[in-house]
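Trainee: Here are the chains, one letter per residue:
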Amino acid sequence: MYSKDGENYFIVDAHVALWDARPENQRNIQGKQFIDCFYDYHRNLGPDEEHWSYEEFLYQGGERLMKDLFVDGYVDHAIFQPAYLGAFYKNGFAQVEEAYGLAAANPDKLTYNHCYDPRQGEAGLDRLRADHEKMKFKGVKLYTAEWHGDSRGYKLSDPWSYRYFEECRKLGIKNIHIHKGPTVRPLDRDAFDVADVDHAASDFNDLNFVVEHVGLPRLEDFCWIATQEPNVHGGLAVAVPFMHTRPRYFAQIIGELIYWIGEDRIQFSSDYAIWSPRWLIERFVDFQIPEDMTEYAPLTVNQKKKILGLNAAKMYDIPVPAELQLPGADETATGPRQPERADLAGAA
Amino acid sequence: MTAALTDRTVRDVAVTAEEVRRALGAVLDPELDEPITDLGFVRSVEISGSLAGAVATVHLRLPTSFCSPNFAYLMASDSKDVISALPGVAKVVVELDDHHDSPLINAGLAADAGYRGTFRHEADDSLEELRWTFRRKAHTAAMERCLTELLRADPTLPEENVGTVRLGDLPAGRTKAALVRRRMALGLPTEPAAVVLVDHDGRPYPPDEVPMALRRARSTRISIDGNAHFCRGLLRTRYAGSGADQTDRPEGAEPADHHHVLPFTVKEIHP
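Note that the protein sequences, when read in sequence, are chains A and B.
Residue 1 is where the first sequence starts when you use our numbering, and the numbers rise one by one after that.
Residue 1 is where the second sequence starts when you use our numbering, and the numbers rise one by one after that.
So here's chain B without its partners, still in its complex pose (with noise of 0.2 angstroms):
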C-alpha cells in the first residue's frame, strides 16, 4: 500500500481534532453546569490514523489535583462516550492528567470498567444521583438569576409577588433561555403558562415561602458562580497560557475580569 492511499483512505473516514473538540463541547462539568471545552479543561486532541479508522486521544486537566475524583471521573467517561459515538473513530484513548487518582481513572476508562468497575469498594451503585443533585442546582440558579434580574430592574416588585411570575412573563435573552434549558433537563414544563419559582418537581411555593425560597435559591446561585470562577481561576494559575482555552463566564463576573462581555451591572437600577 501507499503512502499517499494510506493518507487518503484516513482523510476519508477519519474525524478531525476540531470535530472531537465540537463533540467534547456536549460533555459537561457536572458541578459547575458548564462545558469542559469552555473551562479550558481539555488539554490536547490528537488523531492519528489506522486502515481501521481513526485513534483519537484526548487528555484532561483539571484545576487542582484534589478535584473530586466522582466529578473528575464523570468528565472523563462522558468524554469517552461522545467522542465513540462520532463515525469513523475505532478507538478512543481519554487520560484525566496530574490528579491524585489519573492512575486509577485511566486504568478504568482504557478498560471500559464502569463506574464500579474503576472504583470499586468506594462504588456503591451509580454516579446517576450525584448527576441530579447538580441538575437540580443548576436549575435553581438559573431560575433566581431570571427572577432576582427582574427584581432590579422593578424595585416596586415585592419579593413575595415573584412566586406568580411565569415563564412568558421574563424578558427574552440569555438568562430565560439557560432556564428553559435546565427546565428540560428535569422535565419541567416550559410553557409561558408555567410559573419560574418551583421546586425540583415543579410545584410552586405558597406566598409565605416564597421569600425564603428565593434566598436559598439566591445561596445556590452564588456558590455555582463563585465555584465557577474559581475553578477557571485555579486552572489558569496551576497551568500557563491555560485561559486562552476558556470561555468567559458573565455570571458571576467581577470587574477585574476584563474580558467579560456582558455587562453585568447595568441591569441594577436604583431607585
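Next comes chain A alone, as it looks inside the complex (with noise of 0.2 angstroms):
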C-alpha cells in the first residue's frame, strides 16, 4: 500500500516479469538484441539515480524481485506476464517455473499468469491444458510477434488463436493479455495495428482483453477500438515512465484513455524489471494534467485508486481491504465517457 496526503492506494502491478536475459541463456543475436532494446527503454525512459547496471538488468531472481515490489515498491499484489522468446533464449526469456514457484510459494502477493503460442496447434492445446491443471492461471499473456519456425508473428483472429480463446473460456482462463509487437505475417501490413483484437475481443465477449502499453505505438488504434468493446482493457505498462521524460506526452495518453475508455478500465503496470513500481508509484500519485490543457479534466485521487490497483484486483478477484474500495464510475459501457469534462471549447 502507499500513503500519501491522508490518502491509501492499493496497488497492483499488473505487468511483471521474471527474465534471464544472461549471455549464457542468449540463444543467438536476437537474444541479445531483445535485452539491449529494454536496457535502452530504461535508460532512456528512467531518472538517473533509477539506472541499474548492465549486469543487474540481465538477471533479477526471485529474491530481488520481491525486495523491489514488495519492500521498496508499496506493491500489494502484483502479477506475472511471461514472454517466453524461446527463439532468443534457450530457456526461455521469462523464467516461467521460477515465477510460477514464488506466485505459489506467495499467493497473497503474486499471481501468476501462463503464455501459449497458438502456431503450436493440436499438441499445444493438450500443452495448455496439462499446465492450466497444474497452475490454474485466470490469464495468459501473448506476445504476437514471438518468432516460431518461419513465422515471425501471428494475429489473433486467426483460426488457431480462436481456437486457442475457445480453450481458455472452457479452462476459465478470462483475461487475454496482449502485447503486439513488430513483426507479422503479412509485412504488407502495420504490425502493430490492434483490429484483431477487435474481431476477437467481439467474438470472445466473456473474455476480458488487456492490451498492454495501451496499443502503443498505435495509441489513436488502440483507444477507437476499445471504445467500442466494452471488454477491452488499456494496460499502462511501458506507458506510465513518460510521465519523467516526456510528462506532456503522459498527459495527454492518460487524458486521451479517460475519455475513450473510463477510468474503469486501465491498469498500472511497472513493466517490472524494465522499471521498478517505488518511483513510478510516488511520481503517479503526484502527477497532474498541466494546466494548459483544457482539452482533459484534472486526474481525480479516485481515478488513480482505481488505475493504480483496484482495477486489476477487480479483474483478478483480489481481496482489496474494504475501506480502500469505490464504487465503478456510473458511465457508459462504450463511447467517448464524460465529454464534457474533456471540451477543449467548453472549458473557456
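Since the hints were derived computationally from the structure, they do not count as laboratory data.
Be a bit skeptical, because a hint or two may be false.
[Unchecked claim] Reference listing, derived: stretches of chain A covered by chain B, where coverage requires no fewer than 3 residues with Cβ under 8 angstroms from a Cβ of chain B:
1) 30-36
2) 220-226
3) 250-262
Using N, Cα and C, we set each Cβ at its ideal position, and we do this for glycine too.
Need the complex rebuilt from these two chains, each delivered in its own frame; the hints are there to steer you.
Mentor: Below, the structure written as C-alpha cells:
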C-alpha cells in the first residue's frame, strides 16, 4: 500500500516479469538485441538515479524481485506476464517455472499468468490444458511477434488463435493480455495495428482483453477499438514512465484513455524489471495534467486509486480492504466517457 | 593514368557526400512522417571514386534492433533509390546496421531483390498500402494541429464549428504549410475554399460528427508526436552522440527538450 496526503492507495502491479537474459541463456544475436532494446528503454525513460547496471538488468532472481516490488515498491499484489521468446533464449526469456514457484509460495502477493503460442496447434492445446491443470492460472500473456519457425508473428483473428480462445473459455482463463510486436505476416501491413483485437474481443465477449502498452505505438487505434468494446482494457506498461521524461505526452495519453475507455479499464504496470514500481507509484500519485491542457479534466484521487490497483484487483478477484474499495464509475460501457469534461472549447 | 588525372576525373563526375545527404533528405520515415536525415538515422555517407563514376556507401541506424522490419526496409530501399538517381553515381551500397533483420534486408538491397524478393514468404504484395496508411495518419495529425491551434486561440469557438473552417481561414505558418503538404500527398484540394476537417477521401463531416472526428484526429496527432520523440530519444540512448545529427521537432516538444526552437505554450490562451 502507498499512502500520501492522508490517502491510501491499494497497489496492483499488473505486468511484471522474472527474466533471464544473461549471455549463457541467449540463443543468438536476437537474444542480445532484445534485452539491449529493453535496457535502452530503461535508460531512456527512467530517471538517472533509478538506472541499473547492465549486469543487474540481465537477471534479477526471485529474491530481488520480492524486495523491489513488495519491500521497497509499495506493491500489494503483482501479476506475472511471461514472454517466452524461445527463439531468442535457450531456456526462454521469462523464467516460467521460477515465476510459478514464487507465486505458489506467495499466493497473497503474486498471481502467475501463463503464455502460449497458437501456432503450436493441437499439441499446444494439450500442453495448455496440462499446464492449466497444474498451475490454475486465470490469465495469459500473448506476444504476437514471438518467432516460431518460419513465422515471426500471428494475429488474434487467426483460426488457431480462436481455437485457443475457445479453450481458454472452457478452462476458465478469462483474462487475455496482449502485446503487439513489430513482425507479423504479411509484412505488407502495419504489425502494430490492433484491429485483430477488435475481432477477438467481439467474438469472445466473455473474455477480458487487456492490451498492454495501451497499444503504443498505436494509441489512436487502441482507443478507437477499445471505446467500442466493453471488454477491452488498457495496460499502462511502458506508458507510465513517460511521466518522467515526457510528462506532457503522458498527460495526453492518460487524458485520451480516460476519455475513450474511462477510469475503470486502465491498469497500472511497472513492467518490472524494465522499471521498478517505487518511483513510478510515487510520481503517478503526484502527477497532474498540466493546467494549459484544458482539453482534459484534472485526474482525481479516485481515478488514480482505480488505475493504481483497484481495476486490476477487480479483474483478478484480488481481495481489497473494504475501506479502500471504490464503486465503478457511472459511465457508458462504450463510446466517449464524460465528454463534457474533455471539451477544449467548453473549458473556456 | 596518373593519380592527378584520376582525382580530377572523379571530382568532375562524382557527387559529394553533402549532395548524397541532401538527397536522403527526401526519404521519409513513413511511420513518423519525417526525413530520415532529421531523425539522425543516417549514420555515415562515404564516397569513393572509380572511373565509371562514384560509389556511394551509406549506413543507416535505427532506434532499436526491433523497429518494424517493413518500415526499416522502406527507408533503406528508398535511400538506395534516391541516391541511384543522382547523376555521376555508378554504384550505391546502402546498409542497415544493428537491426534484427540487417542480414536479410542488406542482402535484399545488394541484390535489388525488391520487397517480395527480400522477405519472401513474409511478403504478399507490396508496401504501398502501408505507406498510404501512414500518409493518411500524417494528414489527420496535421489537420488536428491546425484546428486545435484555432480552438486555443479562440476559446469562444465551439468545437462543433470547426467542421466548416476552410483552408483560407487558417493563419499562415508552419502548421498550415504542413497540412497543405499532407493534403497534396493525398491528392486533396488545397485551395482556400477547401474545408479543413475532412476524411481521407476529402469528405467533410456532418456537424454532429465533428467533435468525434476531431477527437479521433487528436489521438492520432498525440500518437505520432509521441512516437517521433520517443524514437529520437531512443536513438540518442543507443548511439552516443547521435543527437548532434537530429533536427528539433517542435510538435510535441516538452520543456525538457531545451533545444526546441518554436514556442509551444504561448499560443495556449486562457480566459
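Trainee: Each hint should be assessed against the structure and marked as holding or not.
Mentor: Hints, one by one, checked against the model:
{"no.": "1", "hint": "30-36", "verdict": "holds (count 4)"}
{"no.": "2", "hint": "220-226", "verdict": "holds (count 3)"}
{"no.": "3", "hint": "250-262", "verdict": "holds (count 5)"}
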